[in-house]
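Engineer: Here's the letter readout for the chains.
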Amino acid sequence: MKTSSPLKWFATREGLYYVALALLLVVILPLVLDPFRLNMAGKYLTYAFVAVGLVMCWGKAGILSLGQGVFFGLGGYCMAMFLKLEASTPEATAIQSTPGIPDFMDWNQLTALPWFWEPFHSFSFTLIAIIGVPVLLAFIIGFAMFTRRVGGVYFAIITQAIAAILTILIIGQQGYTGGVNGITDLQTLLGWNIRTDEAKTTLYFVCVALLFACLFIARLVQNRKLGRILVAMNAQEMRVRFSGYDVAAFKIFVFCLAAAFAGIGGAMFTLIVGFMSPSFIGIVASIEMVIFCALGGRLSLLGAVYGALLVNAAKSGFSESFPELWPFAMGALFIGVVLAFPNGLAGLYQSYVMPLEDRLFRRKPKSAPTQPVSRQSKAGDEPEFDSMMDQYSAEKS
Amino acid sequence: MFDGYTTSELMSIFAMQGFAGLSLFSVFVLMALGLAIIFGQMGVINMAHGEFMILGAYTTYLTSNLFQTYLPSLFGGYFFVAMILAFVFCAALGAFVEWAMVRHLYRRPLDTLLATWGLSLILQQAYRSIFGAREVGVDLPEWMMGAFQVTDLVELPINGLFVMIIALSIALAVYLLMFRSGWGRKVRAVVQNRPMAEAVGINSAAVDRATFALGCGIAGIAGSAFTMIGSTGPSSGQAYIVDTFLVVVFGGAQSLIGTIVSAFSISQAQSTMEFFLSGSMAKVLTLLVVVGILMLRPEGLMALKVRR
Numbered sequence: 125m126k127t128s129s130p131l132k133w134f135a136t137r138e139g140l141y142y143v144a145l146a147l148l149l150v151v152i153l154p155l156v157l158d159p160f161r162l163n164m165a166g167k168y169l170t171y172a173f174v175a176v177g178l179v180m181c182w183g184k185a186g187i188l189s190l191g192q193g194v195f196f197g198l199g200g201y202c203m204a205m206f207l208k209l210e211a212s213t214p215e216a217t218a219i220q221s222t223p224g225i226p227d228f229m230d231w232n233q234l235t236a237l238p239w240f241w242e243p244f245h246s247f248s249f250t251l252i253a254i255i256g257v258p259v260l261l262a263f264i265i266g267f268a269m270f271t272r273r274v275g276g277v278y279f280a281i282i283t284q285a286i287a288a289i290l291t292i293l294i295i296g297q298q299g300y301t302g303g304v305n306g307i308t309d310l311q312t313l314l315g316w317n318i319r320t321d322e323a324k325t326t327l328y329f330v331c332v333a334l335l336f337a338c339l340f341i342a343r344l345v346q347n348r349k350l351g352r353i354l355v356a357m358n359a360q361e362m363r364v365r366f367s368g369y370d371v372a373a374f375k376i377f378v379f380c381l382a383a384a385f386a387g388i389g390g391a392m393f394t395l396i397v398g399f400m401s402p403s404f405i406g407i408v409a410s411i412e413m414v415i416f417c418a419l420g421g422r423l424s425l426l427g428a429v430y431g432a433l434l435v436n437a438a439k440s441g442f443s444e445s446f447p448e449l450w451p452f453a454m455g456a457l458f459i460g461v462v463l464a465f466p467n468g469l470a471g472l473y474q475s476y477v478m479p480l481e482d483r484l485f486r487r488k489p490k491s492a493p494t495q496p497v498s499r500q501s502k503a504g505d506e507p508e509f510d511s512m513m514d515q516y517s518a519e520k521s
Numbered sequence: 024m025f026d027g028y029t030t031s032e033l034m035s036i037f038a039m040q041g042f043a044g045l046s047l048f049s050v051f052v053l054m055a056l057g058l059a060i061i062f063g064q065m066g067v068i069n070m071a072h073g074e075f076m077i078l079g080a081y082t083t084y085l086t087s088n089l090f091q092t093y094l095p096s097l098f099g100g101y102f103f104v105a106m107i108l109a110f111v112f113c114a115a116l117g118a119f120v121e122w123a124m125v126r127h128l129y130r131r132p133l134d135t136l137l138a139t140w141g142l143s144l145i146l147q148q149a150y151r152s153i154f155g156a157r158e159v160g161v162d163l164p165e166w167m168m169g170a171f172q173v174t175d176l177v178e179l180p181i182n183g184l185f186v187m188i189i190a191l192s193i194a195l196a197v198y199l200l201m202f203r204s205g206w207g208r209k210v211r212a213v214v215q216n217r218p219m220a221e222a223v224g225i226n227s228a229a230v231d232r233a234t235f236a237l238g239c240g241i242a243g244i245a246g247s248a249f250t251m252i253g254s255t256g257p258s259s260g261q262a263y264i265v266d267t268f269l270v271v272v273f274g275g276a277q278s279l280i281g282t283i284v285s286a287f288s289i290s291q292a293q294s295t296m297e298f299f300l301s302g303s304m305a306k307v308l309t310l311l312v313v314v315g316i317l318m319l320r321p322e323g324l325m326a327l328k329v330r331r
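Going line by line, the protein sequences match chains L and Z.
Under our numbering, residue 521 is the last one in the first sequence; the count climbs by one each step, no gaps.
Under our numbering, residue 331 is the last one in the second sequence; the count climbs by one each step, no gaps.
Please note that a few of the clues may not be correct.
To be verified - If we take Cβ atoms under 7 Å as the criterion, some of the chain Z residues that face chain L in the derived model are:
| # | residue |
| --- | --- |
| 1 | P132 |
| 2 | L133 |
| 3 | A138 |
| 4 | W140 |
| 5 | G141 |
| 6 | M187 |
| 7 | L269 |
Claimed, not checked - Far from chain L, by Cβ distances over 10 Å, these chain Z residues were calculated:
| # | residue |
| --- | --- |
| 8 | L85 |
| 9 | G100 |
| 10 | F112 |
| 11 | F171 |
| 12 | Q172 |
| 13 | L179 |
| 14 | S204 |
| 15 | R232 |
| 16 | Q291 |
| 17 | L311 |
If you're looking for bench data, these hints aren't it; they were derived computationally from the structure.
Virtual Cβ for every residue (Gly too), placed ideally from N, Cα, C.
With the rest of the complex left out, here is chain L (with noise of 0.2 Å):
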């Protein structure tokens, strides 16, 4: 896996994969799409992020948050209320009762702004905040949770439950945050118009661009030593504590990572689609999420980009002709992928389609890295654990 130069890294097989993505992402849809169908790509990719996340999370340490959603809206709403907040300048609101705060704020009788819409007049701020609200709150569900050993199903119940508790937060304080509508009517970042098709485009790239600096500081964490901490943590978690490390903090780490990737996924939402809403955010949304992660390959980083891309393409493509046959057709995904192939489709591609490369290139055939689907620790892992700190403590020495 380690490679001298940069450069050479391009030339393994990997780093194949990722020119690959970069110019299926880069060069290929741009010039194959028109505007209108880049900017969906660019927000079907925007959710990729959010994939990227669960798969250090869910597919590598074996946390399934069900509450991604909440990260994914609350970048989201920072981007959305610092966008709000330059939409509603004195001028363009003066028909208001109270000139200089949002629309729907009028609507329900405020008279000033609230206190913690302040600060988002602060371009800087909301930069930081983006990532910054996200990980604080990932830190103190992770830190309440994991120091007190709670995962598993019981983690994920209850992150379902913060994402129901966001949302009906959000759609009963109206006044404050724009209720079922969400935050609309966005205009400009910085005085930049972001509703022309230049503008567009242009973010689609910045996504993109946003989308591989994610990948690679995944793939950082995932080659170090700390991704193989996370993976033995989740095929056995009791002895990796009793080698002494500190289980909790690995999980509280890999979840706000996860949690950072939502932030700015929903900020690149907000600024790709242009306005925010509270149906993106609550539980079927996020466990939507998990599906597309889940469907790309919960083990592959680029697995779960593609997943994000193809699941939202055929969600858009069947309900455009087929409205009423989508439900069947999501939950027929949801049932087949984790009962026919669960380490989706990176998987069937890692079992199916490499050897077959590996025969045509003439390569020596390398049996594919085995990695655990994440499941409880039961008797019967421990060979594998074994090998892979046997694998690690040579690479050590």
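Take the given structure of chain L and dock chain Z to it, following the hints.
Structural biologist: Just chain Z now, kept in the frame of chain L:
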């Protein structure tokens, strides 16, 4: 939030809202009992539990229509037939689902969550295609309408009381089944130590299927009871599923008494706070408190003492 109320007024508000919360309590208990069996005993997360409940509700709706058209003289008693039918249908579907899907996933509890979520999407769309997106309600037989007047301020609707009686009797039946019958002993044996249970000759696959079917059947009864106090739509089940999971987890997943206690406290807290705050804020506060307590006490209110 208590400003401007005298003590006696507060007392009657609590009493009134407390009784109002009882119908919510009944729905919670019925939903959560089925879930406590499936989740608490088997460790399977059944996200389609709400849809099983809706299946029971639609069964009741169809039965009431059938009675109205063909047996109007017996309409007063249709509910008991509907309840049995709801149990049978849901249990049969539950057994099928266990055979087709869940049994392959016993070692991967988080995956049962995803798969059953897919099942719930399919069921919801099926209901929408068959019964339409509109909510349906049933006509109550005459003896169920009206209310008992307890004091000037407090009155009890008979249908709510009836649902509560059903909830408590089902709870009692489940208790007897799980803790006082040979079958319940087998279930608990399989849960605690599967290889050992198999070694002494218990057919653990059959026990699993029956347990899952029982949980789903109770969800059907919950749906049947639900039609007495509200109307049913294709996605009504989804509205309850998170609350129900919280009820089960809050009570301590393996304790049936805990489930009832937590259903009671959550429904009472919610309905009492609804009087003082808006409905959504009451819900947010209740959920926040529950999540907060769960963070402090992850095993729930009444955890079984087991060595881990």
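Engineer: Please go over all the hints and tell whether each is borne out by the structure.
Structural biologist: We went through each hint and held it up to the structure:
Satisfaction of the interface hint for P132(Z) is found here, the shortest Cβ-Cβ separation to chain L being roughly 5 Å, below the 7 Å cut-off. Taking 7 Å as the C-beta contact cut-off toward chain L, the hint placing L133(Z) at the interface holds, the least distance being around 5 Å. Interface restraint check for A138(Z): the shortest CB-CB distance to chain L comes to about 4 Å, inside 7 Å, so the restraint holds. For the restraint placing W140(Z) at the interface with chain L, the shortest Cβ-Cβ distance is roughly 6 Å, inside the 7 Å limit, so the hint holds.
Given hint, G141(Z) at the interface with chain L, holds; its Cβ is 3 Å from that chain's nearest Cβ, closer than 7 Å. Below 7 Å, beta-carbon pairs count as interface contacts, and M187(Z) has none with chain L, the closest being about 26 Å; its hint is therefore violated. With 7 Å as the threshold, the beta carbon of L269(Z) comes within range of chain L, its nearest partner Cβ sitting at about 6 Å, so the hint holds. The non-interface label for L85(Z) is consistent with chain L: the shortest C-beta to C-beta separation is roughly 22 Å, beyond 10 Å.
Taking the minimum C-beta to C-beta distance to chain L, about 37 Å, the non-interface status of G100(Z) holds against the 10 Å cut. No beta-carbon of chain L is positioned within 10 Å of the beta-carbon of F112(Z); the least distance is around 20 Å. For F171(Z), the condition that its CB be more than 10 Å from all CB atoms of chain L holds, with the nearest at approximately 33 Å. Against the 10 Å criterion, Q172(Z) stays outside the reach of chain L, whose nearest CB is about 34 Å from its own CB.
Here L179(Z) stays apart from chain L, with its beta-carbon at least about 29 Å from theirs, past the 10 Å limit. A cut-off of 10 Å between C-beta atoms confirms that S204(Z) is not in contact with chain L; the least separation is 27 Å. The claim that R232(Z) lies off the interface holds: its Cβ sits roughly 17 Å from the closest Cβ of chain L, which is beyond the 10 Å cut-off. Its beta-carbon lying about 19 Å from the closest one in chain L, Q291(Z) satisfies the requirement of being farther than 10 Å from that chain.
Residue placement check: L311(Z) does not keep its beta carbon more than 10 Å from all beta carbons of chain L (closest about 6 Å).
Of the numbered hints listed earlier, those contradicted by the structure are 6, 17.
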